[in-house]
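Modelling step: build the complete structure from the supplied sequences, incorporating the hints.
Using the working numbering, count along the sequence shown one by one with no gaps and you end on 240.
If you're looking for bench data, these hints aren't it; they were derived computationally from the structure.
Predicted model only: the values in this text are computed from it and were never measured.
It cannot be assumed that every hint is accurate.
[Unchecked claim] Here are the simulated SDA-like cross-link-like pairs (lysine to any residue), alpha carbons at most 25 Å apart as the crow flies:
1. K109 / P98
2. K68 / E102
3. K178 / V148
4. K62 / S99
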Amino acid sequence: MSSRTLFLSVLALLNASFCIAVGSGEMPYFLINTPRPYCIQVQAPEETVLRVYYDAPDIDRKTAGQEKNYAPTYLTISYNAHTVGPPSRGTTVQNHKPSSTELITKTGKVDFQVHPRHRDDEDVGELQVCIRASKAGTKHPMRFGLFVEEVDLEDEDEDVDVTSHLTFIEGQLAHYEKKMHVMLKTADLVREHDAMYHQKTDAMHQATIFWPVVHVGILLITGFTQAQHIVNFFQKRRII
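So, in structure tokens, the structure goes:
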């Protein structure tokens, strides 16, 4: 086996590994039988592009002369920034402006850029992807398919022509370097979520210690006051 064949085999194996790690590409489908928003929660690292592929075979198409019967369908992407404070303050939530797109075609994609956090203690990784179909109901359920993937900001740039500027191997290495960059950002996101979970656990632990101590202190003060009243009562009646 030549060195080039061996290297291409390794690249093929890496490509399969990345497909397993990032996603198999299968688009799950679900039914919506209510005009209220149907949401799913996803995670994406900051400063990346969240790309949502959709398939909506049952939506209405806007045609001339039938505007009155047209029922729009929207895909909305939003996220909230959670800030974990001390036990006395708890967790505060800052709502960010969502991005809403009307689904005109039955298949397509929508990009959403996850902005960097404003504070170090913010957790902006939790996003919601919502479908709101005005025409959906119990008598008229509608099918939808969604597939979400994370795309690095550098992937939005036009790729250089590999045949004229780069060799095949260099092009593949650049591609895997971008994929690895996205995976590293995702790993950082998971690590930050784990740290925030432990921070919330510590805050709950401090609260469980603080309030019982306060209750015991109140009981001791109440008991001492009641005992003092009983002693004073006996002394006034000259019982003791």
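Each hint tested on the structure:
no., hint, verdict
1, K109 / P98, "holds (17 Å)"
2, K68 / E102, "holds (17 Å)"
3, K178 / V148, "holds (18 Å)"
4, K62 / S99, "holds (21 Å)"
The structure agrees with every numbered hint stated previously.
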